[in-house]
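> Full structure from sequences and hints, please.
The lines below spell out each chain.
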Amino acid sequence: DAGITQSPRHKVTETGTPVTLRCHQTENHRYMYWYRQDPGHGLRLIHYSYGVKDTDKGEVSDGYSVSRSKTEDFLLTLESATSSQTSVYFCAISPPLNTDTQYFGPGTRLTVL
Amino acid sequence: KQEVTQIPAALSVPEGENLVLNCSFTDSAIYNLQWFRQDPGKGLTSLLLIQSSQREQTSGRLNASLDKSSGRSTLYIAASQPGDSATYLCAALNAGNMLTFGGGTRLMVKP
Chain E
1 DAGITQSPRH KVTETGTPVT LRCHQTENHR YMYWYRQDPG HGLRLIHYSY GVKDTDKGEV
61 SDGYSVSRSK TEDFLLTLES ATSSQTSVYF CAISPPLNTD TQYFGPGTRL TVL
Chain P
1001 KQEVTQIPAA LSVPEGENLV LNCSFTDSAI YNLQWFRQDP GKGLTSLLLI QSSQREQTSG
1061 RLNASLDKSS GRSTLYIAAS QPGDSATYLC AALNAGNMLT FGGGTRLMVK P
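Chains as they are written, first to last, in the working numbering: chain E, 1 to 113; chain P, 1001 to 1111.
Heads up, some of the hints might be wrong.
Per the computed footprint, the stretches of chain E lying under chain P, defined by three or more beta-carbons under 8 Å from a beta-carbon of chain P, are [what the hints assert, rightly or not]:
#: 1; region: 41-52
#: 2; region: 103-111
Computed cross-link-like contacts, BS3-like style, restricted to lysine-lysine with a CA-CA straight-line distance of at most 30 Å [as the list claims (entries may be wrong)]:
#: 3; chain 1: P; residue 1: Lys1042; chain 2: E; residue 2: Lys11
#: 4; chain 1: P; residue 1: Lys1001; chain 2: P; residue 2: Lys1068
#: 5; chain 1: P; residue 1: Lys1001; chain 2: P; residue 2: Lys1110
#: 6; chain 1: P; residue 1: Lys1001; chain 2: E; residue 2: Lys53
#: 7; chain 1: E; residue 1: Lys53; chain 2: P; residue 2: Lys1068
#: 8; chain 1: P; residue 1: Lys1001; chain 2: P; residue 2: Lys1042
#: 9; chain 1: P; residue 1: Lys1110; chain 2: E; residue 2: Lys57
#: 10; chain 1: E; residue 1: Lys57; chain 2: E; residue 2: Lys70
#: 11; chain 1: E; residue 1: Lys53; chain 2: P; residue 2: Lys1110
#: 12; chain 1: E; residue 1: Lys11; chain 2: E; residue 2: Lys70
#: 13; chain 1: E; residue 1: Lys53; chain 2: E; residue 2: Lys11
#: 14; chain 1: E; residue 1: Lys57; chain 2: P; residue 2: Lys1001
#: 15; chain 1: E; residue 1: Lys57; chain 2: E; residue 2: Lys11
#: 16; chain 1: P; residue 1: Lys1042; chain 2: E; residue 2: Lys70
#: 17; chain 1: E; residue 1: Lys53; chain 2: E; residue 2: Lys70
FYI, nobody ran anything at the bench for these hints, they're computed from the structure. Quantities reported herein were computed from a predicted structural model and do not represent experimental measurements. For each residue, glycine too, the CB sits at the ideal point set by N, CA and C.
Right under this line is the structure:
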């Protein structure tokens, strides 16, 4: 158990509304990631972070922003949600002594109507 | 850009059968190849990690192999059980700590 929680676990929202998903970890790891999972596409990296206020874009970053003001929290924001952002979102962390692997949170199922 | 493909997308086998899941990748400059398990509605659980210098890794009834030159990895599951039913995902790690995932193989083991 890598001590990763995600909130909310489920959310239904309407097109055009802002949405923020939270990833919280209890182990003080530097590396954190946000992925989305869609049928037929596996998991795709949205954004990642190497530390507080240190973030970078992944493969599918358009329409998403992130923030990391504390080591334990990594926030993913959809500024104006669209139906194409309906997906399951996973947060992951890499432990400091083994950055080659990642441990995943339970996921957030987001539906944009 | 790395691309990872898993075939088949779904597989159904009777209990007790040995089976092989396939994973192929286009960029051989990987640091490692990882296999994950995902149960319905759950996150991913790491099963095996093969470093680029290794040929295989074993954990219990699971054995994963890696052939970088051909861009392939296989996950062998021996004596399959109904509890093995899940989606299995492979992922290649490239420079920048970037994990690229395949689409997964959904396995059903029937009693």
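> Could you run down the list of hints and mark each one as holding or not?
Comparing the hints with the structure gives:
With 6 residues bearing a CB less than 8 Å from a CB of chain P, the region 41-52 of chain E meets the requirement of three and the coverage assertion stands. Counting residues of the region 103-111 of chain E whose beta carbon lies closer than 8 Å to any beta carbon of chain P gives 5, which reaches the threshold of three, so the coverage claim holds. Under the criterion of a C-alpha separation no larger than 30 Å, the hint pairing Lys1042 (chain P) with Lys11 (chain E) is consistent with the structure, at around 16 Å. Between Lys1001 (chain P) and Lys1068 (chain P), the direct Cα distance comes to roughly 16 Å. Compliance with the 30 Å bound is thereby established for this hinted pair.
A threshold of 30 Å between alpha carbons decides the hint, and for Lys1001 (chain P) with Lys1110 (chain P) the separation of about 38 Å lies outside it, so the pair is violated. Straight-line distance between C-alpha atoms of Lys1001 (chain P) and Lys53 (chain E) comes to about 27 Å, which keeps the hinted pair within the 30 Å bound. Straight-line distance between C-alpha atoms of Lys53 (chain E) and Lys1068 (chain P) comes to about 36 Å, which puts the hinted pair past the 30 Å bound. A hinted pair counts as satisfied when its Cα atoms are at most 30 Å apart, and Lys1001 (chain P) with Lys1042 (chain P) qualifies at roughly 28 Å.
Simply put, Lys1110 (chain P) and Lys57 (chain E) have alpha-carbon atoms about 42 Å apart, too far for the 30 Å limit, and the pair is violated. Using a Cα cut-off of 30 Å, the hinted pair Lys57 (chain E) and Lys70 (chain E) holds, with the two alpha carbons roughly 19 Å apart. A hinted pair counts as satisfied when its Cα atoms are at most 30 Å apart, and Lys53 (chain E) with Lys1110 (chain P) does not qualify at roughly 49 Å. At most 30 Å may separate the alpha-carbon atoms for a hinted pair to count; Lys11 (chain E) and Lys70 (chain E) meet this at roughly 24 Å.
With a C-alpha separation of about 26 Å, the suggested pair Lys53 (chain E) and Lys11 (chain E) falls inside the 30 Å cut-off, and the hint holds. Between Lys57 (chain E) and Lys1001 (chain P) the alpha-carbon distance is near 15 Å, which keeps this suggested pair within the 30 Å criterion. A threshold of 30 Å between alpha carbons decides the hint, and for Lys57 (chain E) with Lys11 (chain E) the separation of about 24 Å falls inside it, so the pair holds. A distance of roughly 26 Å separates the Cα atoms of Lys1042 (chain P) and Lys70 (chain E); the hinted pair therefore holds under the 30 Å criterion.
Distance restraint check for Lys53 (chain E) and Lys70 (chain E): the Cα-Cα separation of roughly 8 Å lies within the 30 Å cut-off, and the hinted pair is therefore satisfied.
Comparing the model with each earlier hint shows violations of hints 5, 7, 9, 11; every other hint is respected.
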